[in-house]
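Visitor: Now for the letters of each chain:
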Amino acid sequence: GDSVTQTEGLVTLTKGLPVMLNCTYQTTYSPFLFWYVQHLNEAPKLLLKSSTDNKRTEHQGFYATLHKSSSSFHLQKSSVQLSDSALYFCALSGGTGGYKVVFGSGTRLLVSP
Amino acid sequence: GGIITQTPKFLIGQEGQKLTLKCQQNFNHDTMYWYRQDSGKGLRLIYYSITENDLQKGDLSEGYDASREKKSSFSLTVTSAQKNEMAVFLCASSILGDTQYFGPGTRLLVL
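Read top to bottom, the protein sequences are chains A and B. Take any residue in the first sequence, note its place counting from 1, add 1, and you have its number in the working numbering. Take any residue in the second sequence, note its place counting from 1, add 437, and you have its number in the working numbering.
Incorrect hints may have been included.
What the hints assert, rightly or not - No farther apart than 16 Å at their CA atoms in a straight line, the calculated lysine to aspartate or glutamate pairs in the EDC-like style are these:
id, chain 1, residue 1, chain 2, residue 2
1, B, 478, A, 43
2, B, 478, B, 522
3, B, 478, A, 9
4, B, 520, B, 467
5, B, 459, B, 506
6, B, 507, B, 467
7, A, 46, B, 535
8, B, 455, B, 499
9, A, 78, A, 59
10, B, 446, A, 43
11, B, 507, B, 489
12, A, 50, B, 535
13, B, 508, B, 467
Keep in mind the hints are simulated off the structure, nothing from the lab.
Same shape as in the complex, but just chain A (with noise of 0.2 Å):
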């Protein structure tokens, strides 16, 4: 079946630096994927998205490209700030499964002052 790899559990930075969550995934269809954000005691929500290979896809500082050959789709952002503090998941739709969403295990970001 299909699934999402996100190898960092946790992730802390620094207020201003750069940062990369990595998100591979295995599939055998040309699937959607997605960032989702969850904060502390809120319910995740869309970061970005993507279909494309190959095209940046860009939201509120974020962005990612979605790179077929080496099935990944790489979470950026040029310069953490301490709102970004969270639990990033990463997940696929439109592969073996359907409509069926595969979600990665989730990397949570700390950011310090």
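Got chain A sorted already, so can you dock chain B onto it with the hints?
Guide: For chain B alone, kept in the frame of chain A given last:
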């Protein structure tokens, strides 16, 4: 815009009890999902429904039942609550497999 409502917000149950969680959406979305999230952890899919009266099992369906009697609502039943179980159950809806919109969650505690 739309909204997803989950009831109740908090649910305290007894071991062995059957507990029902409800989810309503007014996005007019076809597809709805139930996830379980343990504290600070990832989302595990319990059931999803592509359309009214459809049910598909997720990876964590054992111990749960679901019901999708109307397009706008999706219920989840914990068939026999486990002692000391503590988790947040999140409902979501989407247009097929596109962006998911999540409800605020139901927090379950089993004594």
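Visitor: If a hint holds in the structure, say so; if it doesn't, say that too.
Guide: For each hint, the structure was consulted:
Using a Cα cut-off of 16 Å, the hinted pair residue 478(B) and residue 43(A) holds, with the two alpha carbons roughly 13 Å apart. Proposed proximity of residue 478(B) and residue 522(B) is supported: the alpha carbons are some 15 Å apart, at most 16 Å. Distance check on the hinted pair: residue 478(B) and residue 9(A) sit about 13 Å apart at the alpha-carbon level, within 16 Å; holds. In summary, the hint linking residue 520(B) to residue 467(B) is not supported, as the alpha carbons are separated by about 35 Å, beyond the 16 Å threshold.
Restraint check: the Cα-Cα separation between residue 459(B) and residue 506(B) comes to about 12 Å, which is no more than 16 Å; the hinted pair holds. For the hint pairing residue 507(B) with residue 467(B), the CA-to-CA distance comes to about 10 Å; that is within 16 Å, so the pair holds. Only pairs whose Cα atoms come within 16 Å are accepted, and residue 46(A) paired with residue 535(B) is accepted, the gap being roughly 13 Å. Annotation: proposed proximity of residue 455(B) to residue 499(B) holds, straight-line Cα distance about 14 Å (limit 16 Å).
Between the alpha carbons of residue 78(A) and residue 59(A) the distance comes to roughly 10 Å, so the proposed pair stays at or under 16 Å and holds. A C-alpha spacing of about 13 Å is found between residue 446(B) and residue 43(A), which places the hinted pair at or below 16 Å, so the restraint holds. The hinted pair formed by residue 507(B) and residue 489(B) meets the criterion: a straight-line CA distance of about 6 Å does not exceed 16 Å. Note on residue 50(A) and residue 535(B): the hinted pairing holds, with a Cα-Cα distance of about 9 Å set against a maximum of 16 Å.
Straight-line distance between C-alpha atoms of residue 508(B) and residue 467(B) comes to about 7 Å, which keeps the hinted pair within the 16 Å bound.
Checked against the numbered hints above, the structure violates only hint 4.
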